[in-house]
Structures are given as structure tokens and as C-alpha cells.
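Visitor: Protein chains in written order, with the numbering used here: chain A, 1285 to 1435; chain B, 612 to 945; chain C, 144 to 472; chain D, 51 to 725.
Hints may be right or wrong, so weigh each one.
[Stated by the list, open to error] No more than 25 angstroms apart at the CA atoms, straight line, and that leaves these computed lysine-lysine pairs for DSS-like: (1) B:832 to D:533; (2) D:567 to C:439; (3) C:233 to A:1375; (4) C:151 to C:233; (5) C:332 to C:398; (6) D:357 to D:316; (7) D:545 to C:439; (8) A:1376 to C:197; (9) C:443 to B:734; (10) A:1375 to C:151; (11) A:1376 to C:443; (12) D:545 to B:832; (13) A:1376 to A:1411; (14) C:439 to A:1411; (15) C:233 to A:1376; (16) B:734 to C:439.
[As the list claims (entries may be wrong)] According to the in silico footprint, chain C covers these stretches of chain A (three or more CB under 8 angstroms from chain C): (17) 1298-1304; (18) 1361-1369.
If you are wondering where the hints come from, they were derived from the structure by calculation, not from laboratory data. Heads up, the beta-carbon is just placed ideally off N, CA and C, and yes, glycines get one too.
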Amino acid sequence: MADNGFEPVIVGFTCNWCSYRAADSAGMARIKYAPNVRLIRLMCSGRLDPQFVLKALAEGADGVLISGCHPGDCHYVEQNYKTIRRYELLKKTLDALGIEEGRVKLVWASAAEGAILADQIDQMVAKIKSLGPLNWKARPARAPTGKGGQP
Amino acid sequence: MNSLRYSYFPGCSLEHNAAAYHKSTLAVARLLGMDFEEVEDWNCCGATEYISLNMMASMALIARNLAQAAKGNGHNPLVAPCSACYLNLRKCDYYLQANPELAEQVNTALAAGGLSYQAGTVKVRHLVDVIYSDVGCEAVAAHVTKPLTGLRVAPYYGCLISRPRLGPDGHDTEYPTVLDELLASIGATVVDFPLKTHCCGGHMTQISEGTGFELIRRLVKGAADSGADAIVTLCPMCQLNLDAFQGAMNRYFKTSYHVPVLYFTQVMGLAFGMSAQEVEIGSELVDARPALAKIGVEVPPAPEPAPKRRRDDKSLPMPSKKRERPARAQEAKR
Amino acid sequence: MSGNGHGKPKFAMYWAAGCGGCEIAVLNIHEGILDLDANFEVVFWPVAMDAKYKDVEAMEDGEITLCLFNGSIRNDENAEMAHLLRRKSKVLVAFGSCACEGCIPGLANLYSKRSLVETAFSTLTTDNPGGVLPQTTYAAPEGELHIPTLYETVRTLDQVVKVDYYMPGCPPESPQIMSVLGLVIQALKGEAQLPPAGSVIGAGNSTVCDECPRPRNEKTLTVFRRMATFQPNVQECLLEQGILCSGLATRSGCKALCPSANMPCIGCYGPAPEVVDQGARMMSAIASVIGSNDPKEIDKIMDGIVDPAGTFYRFGLPHSLLHHARTDG
Amino acid sequence: MNDNSQNVSGDVRIGVYVCHCGSNIASMVDVEEVARWAGEALPGVVASRDNNFMCSSLGQEMIEKDIKELGLNRVVVAACSPHLHEATFRNACQRAGLNPFLFDMVSIREQVSWVNTDRAVATEKAKALISGGVHRVAYNQPLEPIIVDINPNVMVVGGGIAGIQAALEIADGGSHVYLVEREPSIGGHMAQLDKTFPTLDCSACILTPKMFTAGNHRNITLLTWSEVEKVDGFIGNFTVKIRKKARKVDTDLCTGCGLCEEKCPKKVVDEVFEAGLGYRKAIYRPFPQAVPKFPVIDTENCTFFQKGTCKACQKFCPTGAINFDQQDEILTVNVGNIILATGYDLFDSRRISQYGYGRLANVFSSLEFERLSNAAGPTGGKVVLRDGVTTPQSVAIIHCVGSRDTNYNKYCSSICCMQSLKFAHVVKERTGAQVYDFYIDIRTPAKAYDEFYQHVLEENVLFVRGKVAEVTDAARLPGEEGKLIVQVEDTLAGKQRRIPVDMVILSAGLEPRADSKEVAKKFGISCSYEGWFIERHPKLDPVATMTDGIFIAGACQGPKDIPAAVAQGAAAAARVMGLVGQGQISLEPVRAYVNEAQCSGCRICNNMCPFNAITFHEDRAVSEINPALCQGCGTCVSACPAGAIRASHFSDQQVMAQIEGILMIDLKQRELVNG
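Please work from the sequences and hints to get the whole structure.
Guide: Spelled out as C-alpha cells, the structure:
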């Protein structure tokens, strides 16, 4: 729980029409939020391939933020519902793979909701700080160098 | 139909001033096939202003009831006939859900008594809501043997059940019609009572008589103006104010209203063919007999209270009104 | 099978962590085995002939023309042999799902090494009253003895050494083996060209659905069923009947054997070309066509997917993006 | 095996340009350091520079010069949001001969300098984002815009004032318009109104000439009593199926004489045009000036259709135009563009039960009052109570009913203030009654609106600032008997007030059409949470939608008054005429496409597309994406289990590389796996 100087790195996927613009509005309103999130722009949260999430986690991210338009507000009519479905299944699988809930989070933010996005980012950073580093890259166990000990 | 099994939280009013509500509730519930299991060792619902002094302590007090209910048949809804009990229990559950920190503190307190409560476990509901939503007006109507045809009633909800919006799900909070519909289903003529959610005065009679009486006057006048034979309510506090203070209010304003105030379960009982005694008609202070006579309900006269013995020369003197402070204490103070 | 092969290209086959089915699959090419013998000198094939590791060590680097390496890398012996055969072979083929993807042994990556060993040697059905766990070294009177050391995770061949070709399948289908051997033989004669290094050989370029005879429709899934409790209709797409068939996310090449036998594809041919993570693709595709927009209902429907990690990564966990589960071990 | 690691073909030469944005970025990010670092640390970067304002002509020329002189084939600009200047820099690249899609933009102002407080941390974040951009751009592919032809015909859906205006503009411009209206006549809500604020011209007097012109224009095909069933196709080439509901009246024979209406014995409350305050017959035209002039038979109320006898209309029709056997017709029309002007629904005031609408007789909705005060309305314009005779002595007008209220709609319905002021004036003028206006704020921002407010103030209308708590008939004080009492907190005086009146008018808010979400789905456009159609850009593209070729005008986009609706109708028409004039259009090539060799025809993607861009070819057992219909969201790309669907400009490789880039893993010592 202690904040021992751990600064998580979070990869954020945003939709071009809502959440990326929410980040724009947060900027325009000069809302300060945790610097730990690095955003990637997709056209729609529906473009979010679970591979991207796994890739980010496998390559060293401590968390992944997925964001899109509010349900019902999708700029592509209804594609964010597919995001919900994929997110729900991904969560189940990640859970089975031992990755804590909270490391991958789905957040809705409309273009006007810069403050909400910023707040969600802050909350997520705090949550991941409490979970500690994921450190996946360091984890794939190497072969033990010496012989002896248990198999 | 869903299984009609509930935990039951009577609260202090129903054990005392609202005993008629208690008795009629149980009688009606039994007839409607509702199974009420009283929460074991319940305590005060927290209907005091204490909440504004110490949130944690007051919530712990209320949560103890929820914990007790959860301990038993936690999956059964918890029914409270008293609107204050209902609101406090429901509010507590809501606060604990909304504020995990508070929930943690409350659970620490509960742990001292070997209890714990997970917010959201117990679904708190008002009696009128379960009769309306779970039993339904149709089933209620099916039990009617003596419809209240001709009895004009003003349905009165008060504020606790209707506001804030924690109230019964999906019901109109500003102009509820649940009770209207129930009363109509037992054959009563329900008058449009625009004041149905207005204030009954609460504790005002104790704090500012004039204000309290004015609030009571509005309601009684409103009901009388609409030609209601009786006000039918679902809250012990409302019943108490309108019934017990109607005389005092009349004296205060030099008016002569006479509108009896009954619990909805009492009139439901009558419609189901129960006798006046079974639903404890007669315990009210504003005599309901003339109103009920309209629909042929006979109410035995209340037993004459035993005459008070007047003071006479055999009586012993009362202690004097003012007690002189002992001189020594005064000295010491100086 | 040898004796007259001097001067012929040299062939090796090795069985690392795997079930041996790949070996059987090669023998299953029937008379084709004679072509193999006619065109190659088999220098190392422990399952078929006696050979010692030291014989391989004694060879020149690159002396073996073709080495089919099956099985995943589970322990240091597997790794040692992978390095050795890599050094000695011109063309090293990751042969079969274990070497390519990790396959069933790779499901061990859902658990820690510690818990695997403990489970293996201390369950109620294990007769191990002393709670003895195997040690990798033992000082015998004759000297110190070693057994191979288990790695923390199962790895694919290409996570250990550079691989020239991948031949997927559990096991690779015999006709595919025939055609690959035929191609290599032709190439050796200069009659054909080998595909670029790193290619997948002996498989198709789309997915199992391409070879599946069942008609297909637009999909909306509202329920998942398990084979144990449901007899699927032979004429309909299995997935549309709620059976988690992995055919749509699995590379073609098997001629849709399992769906043809009214069993769902379980994904042994690995991801389709262009796909990095077979499990993620399968998840995404399945989730996309769930017939609800309500998170609660979606969740309820998905509860029908028992063991999602084991289902989506049945064959590919070690080669997936995450490689393994996060364990406390 | 892993195609993601495939090398970028050819020699990648990237130029990185980091903008100071004056001090906007430079005050929080060490721009020089970032530029220096990018040049040294990032793969493929051959030039890395900083500039005070990259968007200035100097900045752009710097890029153009480097492309030409250094042979750059990829460009990354780190500056503001791409939503501001992506187009600027794409153009610069194009001018220098570089395909604009080989450019990428990184936002280090909105996402870095403006939201951080620590310079060192901000500089690090800027580096990571630029690293992501540089890794991504290496996989960018040159793309060419998609060109499609535009069918000059246009469909306008909704015959209210916005739709009429749009149709007239386009028809005058020479294109053919199909004007589709659900009701028997065009005219919309405006036809129901009495006067229009602030000039108080008679609504019908200014509307009917336009209706007449629309009904008789040679370039307009009027399809009333009709609804759009299905829309296929894409900008330039829509195919629309329209259900022409059976009028049961042969329009070739009908002269619009109105005899049938006169003779019809069946009277029905008119819930639509008369807002429930008046009656019509079972065969009817909503109002005498209806366009077209032909009546319709309301089969649900017609005695013949319900009981099998009557036929009074048929008996009396002088031209034999009544045809009880007439059936619905399905028309198919081809158009290049579509304008939606489907209008609004009035907020149902019954939902605010404490205002008593529907329970207390003399509480009226705003549309009811419009009909009440309309000279062609049920009382001939006499303002009376619901008893039909009594003139009110006092009238309360409540603003913001269902608007600016978290319990109902949070938004301001924008027209109600002016509408209420108009009502106040009309009541004063017609009855001389005392008028009270209960408002939260008075909003009169447009031309001549506030002057009108001042005028109404001078008419001695009393304004009480406060949200009305309830309207009740429960009298409490002397003088309240028999009246409606408005209970309100006067927030200017800080007092609770009870104001007894004879009549209450609820200035109800505007809501999206009840079926707006289905309509949006039908046309493949998006809707806000409430149901208002969403424009492409709230400021700079207010009448276009996310779907090319579909435009919106009037109140379907959000509450607005007549001038605004007319302006939008004309604006949408101008946008359409612009496209028609071009003859063809180039579309942004961010699209999904199917690699047929890899498609196994599993059909997972087939129901992924709300724009119906995906078709399945049974014969070849492959799915195909129509690039003109595809909007580029990429949902099918991530759904395809075979990896057969690709996304141009948002490919797996580009995104994966960007992930690697922003995690800066290439820059750390990468651990190579070896046993």
C-alpha cells in the first residue's frame, strides 16, 4: 500500500471522438492530472483489439486504460457496446491469468468531460500504485543458471 | 407470485402509540399470505437528530439492525411499516454503500458485538411498497369481503416515504399514487388529496406550537374541504400528529374539524371482513365511529376511563414547586 | 534404416517436452517413410534408432541438413538439445504445436513451478508418505548424479533458439508432413525453392473455417454450451450452437478434421497469419458477437465460458503475448 | 512467425519537429532537450528540430525543406492536439511531395505541458509520447483518398420549417428533392403556433406561403403520410425505401373540397395538431391550409374500418376519391445526400406530477396554449379556462418545465423564455389578466429578444424568480378558494410565496423525438444520451454528421427556435449543394478492408457494422467491406479472428509499434530471451 516512489506506467487507449477530445479539453481547461498515463489514439474504442492490451502489459505497462464514448453516445452508433463485451471477457481471462482487476479499466468520457477523464486517470493511478508494479517483462522466468536445488 | 417472505422491523412506535398499526399490519399480512419474521433483538432505528452530531455512531446504531436482519434471512427484504424506521434503515444502507470508509468504521463498531454488515445485503422496503408491488392491488381486491363503498378517504403519505429519492423504486416521489390505488382496490372513494406529501408537523408541536398546529390545520382542513370522511395514512408520526393534536389545533384556531386518522392496514382489515377490534379501531383519539358508521362498521364504545380521584384533605401535600438551593452550595460557588 | 546413407543429406528428429504424437505422425506417413530413408541419412532419431548425444556433439556445425524438433522447452536438457541441434543443423524446423506454440504442456504456465511440483508429488492420490520432492543432484557412492532441472515456464523452441520453419499441428497432419518432406527433397535436388526463413510450412494461410463443411451465418451468441452436455447438430456451425469452436481463430491446414467429426476445433494449428495472439483474437471475436449490450447480462452469458484462459490459450499460452499467468511462485 | 516484427520496407527517414508553442509548451517541457534526444535515441530519425511555432509558415517551410533536402519519408510533429493542426501539417507534407498519411502528430501541449506541474516529469512524458509517434510513423503507409460520385437528388426527412427551408433551397438550386413527412401535412410544430416571437407575426401567415411553394415546386416530390423504412448505400449513392401509408383517398381525384370532413360523423380528440385541446374527424386534414390539401382516413377511428358500415365520406365525395381498399406503397428512391429535420417532442408535463398537469383542469401545456390563443384553434383565439367560457383574471406562466432540472432534462430548452414572454403578452392583450412569470433565469440572447422582454416588463407582467414547488388546488389562506395556488420560493426576496391564479401555463421543454434513437440507427448516425442527433463538430461543422452524406437541421439536433431552425435548414442545404456541385467527393482513406486470401468466411464480422458496409459473398465464402460505406472505426478489424481484416492508418503494426514506443522498450536494454 505504501507509496514507495513507485510511478506506474499506464497505456491509455482513447477514441478519436470522445475520450481523446476529453484529454484535449482537460488540457484546454489546464486540469492537472497524474502524468503516468500515455495515450494512444484509435478511431473508436471498438478498434481496441485485446492484443493491444496484452501487448502493453507484456511490454512493461503497469495498467491499461480503455476509454470511449458513453454507451449510447458512440460516434459510430453502437461500437462501444462491442468494447464492453470484449472488455468483460478480457477481464475474465486476465483474472484467470492472475492479473488483478483494476489494472485494466474501461472508462467513459465524452468530449466535454475532460475533468472526468482526468479524475478517472488519477483514481486509476492511485489504484495501481496500491497494487504495485506489474513488471511483466522481468517476470518471464529465465532458466536457473546453476544446477542443483529443486527441479 | 414471488414467495412473500420478509424480515420484519416493527420499531418503537408500533409497540406503543401505533399499536393499532402493528396489530392491523400483522392481521392483514397473515391474510395476504405474507410471512413476517421479526428481526431478532432489534434496537432503535435511529430516528433522532443524533445523525447530525455523530454520523459514525448513529450509523453504527442503525446498522446493527441491518446486521441482525442479514444474520437471519438476509436475502429476504426487510419490511418496516413505520416510515421513519424505513427511511433510516434504507438511508443507512445507502450511506454505507456510498461511503466505504464509513462502512469500515461501522463494521469495526459492529465487530465489538460480534456482528458485521455488508452494505447492500438487506433490501429495506416499506410496508405499503411490498403490499402494492409484491401482493398487488388485484390480489388485495380479491380478498375484499366488505368493500368500503361510500367511505371517502384522503390518502396521506407524509414526507418520509416519498423523499428523498431513496424511496420506493419507481414510484412518483412528488405525487405518489400507491396508497390511492390500494385504497381504491378495497372499494373506498379516494379523494384527490393535493397535500398528500406535505408536512405533518414532525416534532414542531414540541418546539413551536403555532407552527406545528398550522401544519396540522392545513392537512385537516384540506381533507375536510375535499369531503373526506377520514385521513388514511401509513406513518405513525403522521397519525400521531393529526390525531393526537387535532383537538389542540382546533382550540388554537377556534375551529371544529373532526377528521379521524386511520392506518391503511386498519381500513384494509375492515374491508377484508375483520372486526373493528381486530384492527384496533377505537384506539384513535379523533373518534372514527361516525365515519365508519357510514359504511356499517360497528365500533364498540371505548371503555370509560376510571375516574380520577380528586384531591381531598386525606391527600398528602405535593413537594413545593421550587427547591431552594442549599445555602452551603451557594457559598461554595461564590 | 541406415547403413547405406553415406553422402546423403542428414536427417535428425528430436522429442523434447511433448507427448510423442509428432513422432507417431511421422511414422504415420506409411510408405512415405521409405522416401525419407531413400533421400536422407538418418543420423539422430532417438525414438527410431539408438544414438548418443555425444555423437551429435561430435558432428560438424551445420552437418545435419534437416532437423525436425518436436516438443517444448520444459527443462535444461530440452534447452541444451535445442542449442546443440541448432548448431548442428542447417534447417531447424519447430515441428508440431509444442515446439511452435507450447501446446498442452504450455498450460503449465498457468501455475508456478513450485505448485506444479507440489501437486505432482503431494496430492491425496500420490503415494509419497515422506513428502519427498525430487532433487536435481544426488551424491551417490559412484559420484554425483544429475537429473534435468525444470524451468519456471514452458517455452517454445523459438524462444530459445532461432527457428527456420514452423510446422504447426498437434500433431502435424501426415499428408502435410509428406508434402513438406517432398518439398525439401525437391529443393535438395534443385527442383524447388524453399520458402523464406521464418515461414510456416505444412499449413494453410487462412483459418479452419475455410476448410469446414458446415454452413455459416451471421452470429449472435447468447449461450455457451459444453460438449459433455450437448449433442450439436451436424449441419450447423458449432459456434452458432454455442460450442466454443476455435476454428475461426486457428490456422487452416488440418482439413477441419475435428468439426468434421462433430467436435469443436480446439486450436492446435495456432494463430492465423498476421495474428500475434491466438487467444486474444478468439476472445475478441467471441465477445464481439455476444447478443447483449448490458454488462450484467454479458457477464452472465460469459459465465458459460468455463476456464477462459485454458480455453483460449489451450495451445498457445507460452507463445502468447503474456507467455504465462501471474503466479505467486 | 510473428508478423508484427516484420521490418519496415525500405529505408525509413523520419523528421521530428518539436514545437514550443510560444511558451505554452516550452514553459513546462524542455523542448530543446526533447528534440536533441529524439534525434539521438530514436530509430530512423534523421532530423530533429524545435521551433517556436511549428504551425507558422516558417515552421511548415522547415518541414518542406527537410523533406526535399534530406529525403525524409516520414514526419512527426510534436505540438498541439491533432484535432487542431493535423490538416495543416498534412498539407505541408503534401506540398513537399510526401504523401500526407506518412505524417503523424503527437500532442505534447494538451496532454503534457498544460496538465502537468513538474518540468522534469513533463519532459519525460513528452519523450515517451514522441517515441510512440516515431515508432508508429515508421509503419505508416501512403494512402490515397477515396473518390465517389454524387447523385444530385436529395432526400429531406421531416416537413417542419427546417425541412421545408432545406427542401426549398435545394430545389431552387436545381436539384430534385424528396420531402418525406410522417404526418398528413407538412408544416410541423410551426403550423400549430399562434404568434412567433419577438416580432409577433402570425405563424401561419409566414409559414403557409413556404408550405405552398414546397407543395408546388417542380423540383420537390412531396411524400406526406410517409415514413422512411430503410436506408442503404453511402454518400453520393443512397437507396431509400419509403413507406407511403395508405390515405384511403385517391389524390388524383381529390380536390380538397373538405366535404368529406364535414360529413364524417366520427369526432376524435386531435392529439397531434390540436395538442389534445380540440377535435377532428376520422377523415381529416390537420388544418385547413394543409399541404397537400388531401385528407387521410384515420382507420383506427373510422366507423367503417371499425364496424364495417358508414361510408359517409364516400357517399358525399363529389369526385369519388375515397378508396377504402387503398394499400400502403413502398417507394424506392436514389439520392446522393440526406437531410434529417425530424424535429422535437414536447416534454410531457404529466411527469412533473406536482404541477398537476392532467389532474388540475386549468393547468395548460405550452402547445395547448398555442392552440387556445390561435385564431384557427378550438376557441377561435379566445383565451379561456378549460370550461371553455370563463376568461381568466390571473395567469401564471412557469418556465423551465422539464428543462434545467436534474430530475428530467439537464439542458436548457432555449425557446421557453421567449415563448413564455410571448404568452404573457398574448394573455395581457387578450384578457387583461394579471400575469405572473416564474423563471429561473431569463435568457433572451438573440436579436431583438431582450427588447421584447423589456416590452413585456413594461406591460406590467410580474416576474418571480424561483422554481415553482407545486401547483395545487388545496386552499390554505383566504382568497385561495377555487383558485390554483402556485407555491414558489421567491429567491430575489428570499420569501416563500403562494400566488393564487385562475390559469397556469407550463412552458414545457423540448425533447428528442421518442423514436430518435431508432431513426439514428436507421440512418447510421449517432445520438446523444438524450437522443439529440450529434453533429460532426459542435462549432465548426454543426449540420454535418459523422456519416458522410447525412446532414441534420433544426430541433432534431437540439432545442432551437424558428430562426435557428431555418438557418440550419438553409445551412444543411448549402452543404448538400456544395457536394452536388462538386459532382464527386474524396473521402478520408481511414478504412477497413478484407484480405480475401485470409478470410475464411466465418462471418463473425457480418453484424459488426452499423453502416452496413460488410457484405458476405456466399459464392466465394468471403466477406467484403465497401470502402465508401466504411467509416473507419475499426471494430470489425479487432473482431476478425483470422486477422484478415486490416485497418488502414490504424493497422495492428502501427498500434503495436506505438505501444512499444511509448513504453520506450526499444530504448532500454532489451533482454533477449535465451536459455
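Visitor: I'd like to know which numbered hints this structure contradicts. Please list them from smallest to largest.
Guide: The structure breaks hints 3, 5, 7, 8, 10, 15 and 17; every other hint is satisfied.
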